[in-house]
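J.: Start from the sequences and build out the full structure, keeping to the hints where you can.
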Amino acid sequence: MRPGRIIAAALALAIAAPAAADSLLPPAEWANKQLPDPRQEAQARDLMEEVRCLVCQGQSVADSDADMASDMRSHIRRRIAEGETPAQIRAWLVERYGNWVTYAPPVDGMTWPLFVAPVILLGGGLWLARGRFRRRKKM
Amino acid sequence: MKLLIIASILLVVVLVGGFAALRRLYPDSKAVAWLAESKTRPILFVPLALFLLIGGFAAYKLSNPGDTFIRSRLIGKELPAFTLPEALPNRLPVRRADFGRGEPRMINIFASWCVPCIAEAPQLMELARRGIPIDAVAIRDRPEDIARFLGQWGDPYRNIGADRDASLQLAIGSSGVPETYIVDGGGIIRYQHIGAINPSDMTRLTEEFEKARR
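First to last, the protein sequences are chains A and B. Under the working numbering, think of the first position of the first sequence as 11, with each following residue one higher. Under the working numbering, think of the first position of the second sequence as 80, with each following residue one higher.
These aren't lab readings, by the way, just hints derived from the structure by calculation. No incorrect hints appear here.
Simulated restraints, written as ranges between beta carbons of each label pair:
| no. | chain 1 | residue 1 | chain 2 | residue 2 | range |
| --- | --- | --- | --- | --- | --- |
| 1 | A | 93 | B | 134 | 49 to 59 Å |
| 2 | B | 157 | A | 67 | 26 to 36 Å |
| 3 | B | 85 | A | 119 | 21 to 31 Å |
| 4 | B | 87 | A | 97 | 39 to 49 Å |
| 5 | A | 66 | B | 165 | 28 to 38 Å |
| 6 | A | 119 | B | 145 | 12 to 22 Å |
| 7 | B | 274 | A | 123 | 27 to 37 Å |
From the three backbone atoms N, C-alpha and C, an ideal C-beta is built for every residue, glycine too.
T.: Dropping the structure here:
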């Protein structure tokens, strides 16, 4: 390939509009800025790490760089600064998106096996192990 | 759940049948004889059966992950209160007060930076041509970009509100752009369409709109 062509191709790439669908607006006010009150910031931080990003679906809003996650961070910080508790904000989000939106799902009719199964399995294991040890003692 | 039951029945059939076949094929085998005579015989199969059951379920879910849309929980509930400022100087704002006045309306969540929004533009134009009032919520957008987008792909909207920090989007349980909501004449959210409106979605959408009219 001639050098002229390479330069032309590089130029074309450099000025091409990116196809990525992202907003041109700067991030929302509190998306990447900490709250002045460290206690409130810590509360907001804890909640952001527990709230799931809606568009990336595998990350918390604290971890995600998606526009919507930025908006959710800003939303959480703003409401904490306005005096709402993390529990109120979490309940508000669950009301709109279901338990899906939180990484700490509550115990309910659907999720109780998740919490009960480890206890039952551990109990069963102990019981089995106990039987083994007893038998060995007799011998 | 139904699938799990069918899988367990199939598993039992395969195991019992397989064992019977083994006995017939290898009548002299010591291993088969031991399995057949062993007192613990049924118990021996439990871990294998569990493994196959769980493995089978995992394989099924890996090949058929299903839809991963997060639907709004507000369908069937009242549209929350809000006021969005007008996104363009010559347009009206989008306000809660305009909904629930006897006529159903659509809310289209879009953005000039959203590529699938271009794909659904002709369908929105067609819905508007049929007389359906559509209000737009422009997410994280600039007026000049919205004007350019509407100039290029058509303008099917009554009012256009600017949602610069996705606050309305969060308030109505929407998880992306584009999305389209139908709000009935009583202000109740009746339907949520997630993603671009394709030509194949038109029947469903107009049907849902007609249902919201009643």
